[in-house]
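Number of protein chains: 2
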Amino acid sequence: MSTTERLIYLPLGGAGEIGMNAYVYGYGEAGREKLIVVDLGVTFPDMGSTPGVDLIFPDISWLEARRHDIEGIFITHAHEDHVGAIGHLWDKLGAPIYARSFTSHIARRKMADQGHPEALVKTAEAWPSQIEVGAFQVAFIPISHSIPESSGLLISTPAGRIIHTGDFKMDETPMVGEAFDPALWEEVSKDGVKALVCDSTNVFSEHAGRSEASLGKNIEALVASAPEMVVATTFASNVARVKTLAEAGVRAGRSICLMGRAMRTMIEASIETGVLKDFPTVVTPEDAKSIPRAHLMLLATGSQGERRAATAQLAHGKFQGMELREGDLFLFSSKTIPGNEKDVIRIINQLSEKGVDVVDDSNGTYHVSGHANRPDLQRMHEITKPQCIIPMHGEHRHLRAHQKLAEASGHASVVCVNGMMLDLSGNAPKVVEYVETGRVYLDGTVQYGALDGIMRERIKMAMNGLVHVNIVMDDEDDFFAEPWVEIRGLPTTGRSHGALEDILEEDVSQFLGRAKQKTRQDDDALEDEVRKIVRQTTLSELGKKPEVSVTISRLV
Amino acid sequence: MSTTERLIYLPLGGAGEIGMNAYVYGYGEAGREKLIVVDLGVTFPDMGSTPGVDLIFPDISWLEARRHDIEGIFITHAHEDHVGAIGHLWDKLGAPIYARSFTSHIARRKMADQGHPEALVKTAEAWPSQIEVGAFQVAFIPISHSIPESSGLLISTPAGRIIHTGDFKMDETPMVGEAFDPALWEEVSKDGVKALVCDSTNVFSEHAGRSEASLGKNIEALVASAPEMVVATTFASNVARVKTLAEAGVRAGRSICLMGRAMRTMIEASIETGVLKDFPTVVTPEDAKSIPRAHLMLLATGSQGERRAATAQLAHGKFQGMELREGDLFLFSSKTIPGNEKDVIRIINQLSEKGVDVVDDSNGTYHVSGHANRPDLQRMHEITKPQCIIPMHGEHRHLRAHQKLAEASGHASVVCVNGMMLDLSGNAPKVVEYVETGRVYLDGTVQYGALDGIMRERIKMAMNGLVHVNIVMDDEDDFFAEPWVEIRGLPTTGRSHGALEDILEEDVSQFLGRAKQKTRQDDDALEDEVRKIVRQTTLSELGKKPEVSVTISRLV
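For the protein sequence lines, the chains are A and B, in the order given.
For the first sequence, my numbering assigns the number 1 to the initial residue and increments by one for each residue that follows.
For the second sequence, my numbering assigns the number 1 to the initial residue and increments by one for each residue that follows.
Bound-form chain A, shown alone (with noise of 0.2 Å):
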């Protein structure tokens, strides 16, 4: 290494809140640095603050600005907060993709979805095997989570050797996939390790995580007790949790239907690129309606109450077929995330409302983490031995818990939110730049920033409703005709009981007769001033200010 150059660490999403991930290495003079970025996500949106809009995508400015010294893109699993933005936002930057089998898989539908080349995306080995990328070279090394080949990275530099976890915990019995194998982490640590770059999502739960392997008896025993159908759900991704409950429902006496697109398209994926060997046989739901109840078991997409989803249509009605009944059984085998709950809970009733019993994960019998616990943490600490750690993967709680743990064990550490980009060459990581960062909104078809102000907009329109008014004037700044009301998203009548549109009509063209020359003849004075009498009368009619568009016609 040159003294002029460095190595940096810039997250573009996913420090500072758990989504959208997007973390950029850097390696080479410093301002001119060759660099790789790993995982490009989504977050999703919500009716309260981005209405209408249907994905969150990190703003990827800089990057693109740097497009040219992009040396690869390394997805470390297929969860859509790693892998989801890749088809929309690969055209800004332009770099070949690297990924495992099933990772790569997925990459490639999200890919031709969005009209890119499906071999754009490399299928990588894992460990020993490396990827050479300029002055990088990369190695996936696998680890367990709640998906499929899940893998961190080990990324060596002329500088020092990085490990970023990815998303991981700490499964030595994962029931699908790679089971976490500490000697092997051992030995990728063994030659140094100036940081480790760090999940972390569950650092607040305080006891060792639990293995995938300690479902399937739970879950066996309360099908068992089931005396009619039973209907569990998980996310699809989740391929060792579908397998886990579909085993289950098998040795409970039960036929397997797989209801919801998602869950048929993650079990295809999953036995062709290799990594689910032996799922049990499964029914149609065509065929399932010829089983009586009692031997059957549904695994339904929407644990998170997806309004589309498989869950949501069978607790408010039929599902390709199949419909719930008073005694059967539903159980989530998942944790409702943040935000959802109020889409679960409904759900829930609607359950309640046919008689179906309905069983959760309150008490940890079906359901474990994907992400390790704090003293996994610790664990995966020890075994790299790093100079420094790094936390991501977590709102600013999660990073700020984080360091304090990793500072208790006396490492370094540092809370690096997205924007925030560190020198890691030295002893210690060093702040040397903050970089403008945010989110993107996919809204239909087109790409805008958070702060456009369109959000702020809608919810404007949302909150205070809208009232439309039509001026027409003649050449001589008369008006023409009598002005035009129209109120959206508003009662059509207030404290005086006469239509909200009349009244403002009326007090519009009052103002209209009693302008002066100079207001008649200023489109904007004249906007100004009616806009202000529609708000003062609305709120005088139904105590609140709309929001007024007014447009003036001039007869010329």
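It should be emphasised that the hints constitute simulated quantities derived from the structure, not laboratory data.
Heads up, some of the hints might be wrong.
Because identical chains cannot be distinguished in the list, a pair is counted as satisfied if it fits within a single copy or across any two copies.
[Said to hold, decoys possible] Calculated lysine to any residue pairs in the SDA-like style (CA-CA distance at most 20 Å, straight line):
1) 34 / 353
2) 545 / 448
3) 335 / 515
4) 544 / 457
Starting from the known structure of chain A, arrange chain B on it as the hints suggest.
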């Protein structure tokens, strides 16, 4: 009781949801019963489903149509979901209001806020005092909850006695207000209870509830261990908790300062009505500034993340001159209500960014619930020995679980949701009628029905954005000027990189140029066609179809 007379129960709010409680009891000839109302509460809106709404009330049209049969309105306690609608709905009912001293104090303020005479609220004494209204005798039975003077009701009628528990827990050392007294409840039940109408909120909590008195030492130890300023938040109406926190702070050597209007008004109301006798001396926010941080404890409103409350403002910046710093401690002595998670988590992250340590309720050390848990509910069933148990104050899942619990111990029970009228006269409750119910929104000063379509319009504008088209036609059905297009809540450019408004104007203009005379004469046909074109062009430009409003002005 004549054989043609009957005793009915009809929930209009609170049964099938947690919120907007409103229960009706009636006695008399079928269809001509005299009525009493128990509680008139609100539910709170959210941006996702009720943008812009201020409060949500039960639809009491059924009661309004029978206003002359209403003998009285009884308020069990002063929580918003029980008393919050009294001022807004009273003029539809016009009956006297009865409540105990503290609750009356709050109810009077709510009446005065809406311009009603405070004297309509009568202060009731607790049992053995009884209020006679028509055929009903109603007694307030003190019970513990998370607000002072919460009461169950013993409702005696010629057809038998009903116990309506209100919200309750079984706290024999509640710190403020009356302890739960099993002997008292045995006494009021001794002559036989026809129906126990019972709180179901915590039916899923397996272990017996804990007492308020269990918290003081934990909180004191936490506060004593804090090196800098301590802030604690809880519901202001949880006067016992505010006292527990304040006393723990004083024992830990701190001066106490109340932050937020609700915190001060609730404490004042408690002192004024005599329910709070020995609250520690507090300092003003002004005086607090000169007290060393290590000797100061703030008690702040806003435990649910409410944006304008003290907690949110302290997390964001300053509040009344106080500001949080690195090393301060923030305690949530509260549970986050489902739906509020995102707001609370946002605040915790803001506190984390300031370097403030946050302690929450996750291990139950600093908060106890105000509702009876499953074993407490069983104990209530045993003490009161009712003929039947009617679960209330719960979502469907709670009511159903409570029904199962009741049936498991041999009680008749029925899940009775809003709008189901039960005849309680016989040996078992019988559904006799379904009444139309629903929700009413308060939006500004106007009340309208949840199904009036206004929310649907708002949500569609927020999801899809809005395009307004303005067309001026002359007296020969030619268009007089170029059409004018305005967009709101949409990106200004899309696929073709031209200004969307210009592209839409061009497309509409072309259409108008080729439109047949018949279409040009017909406003509805013209609007339909223009709407179609705008939606199609916008779909092609932005990938989504907007809401469209079209104004046609005709010069005559």
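Do the hints match the structure? See the list:
In this homomeric assembly, residue 34 and residue 353 never come within 20 Å of each other (Cα to Cα): the closest approach is 59 Å inside a single copy and 31 Å across copies. In this homomeric assembly, residue 545 and residue 448 come within 20 Å of each other (Cα to Cα) only across copies, at 17 Å, whereas the closest approach inside a single copy is 29 Å. In the homo-oligomer, the alpha carbons of residue 335 and residue 515 never lie at most 20 Å apart, since the shortest distance is 62 Å inside one protomer and 57 Å across protomers. Taking identical chains as interchangeable, the C-alpha atoms of residue 544 and residue 457 lie at most 20 Å apart whether they share a chain (17 Å) or sit on different chains (17 Å).
Consistency note: the structure conflicts with the earlier hints numbered 1 and 3.
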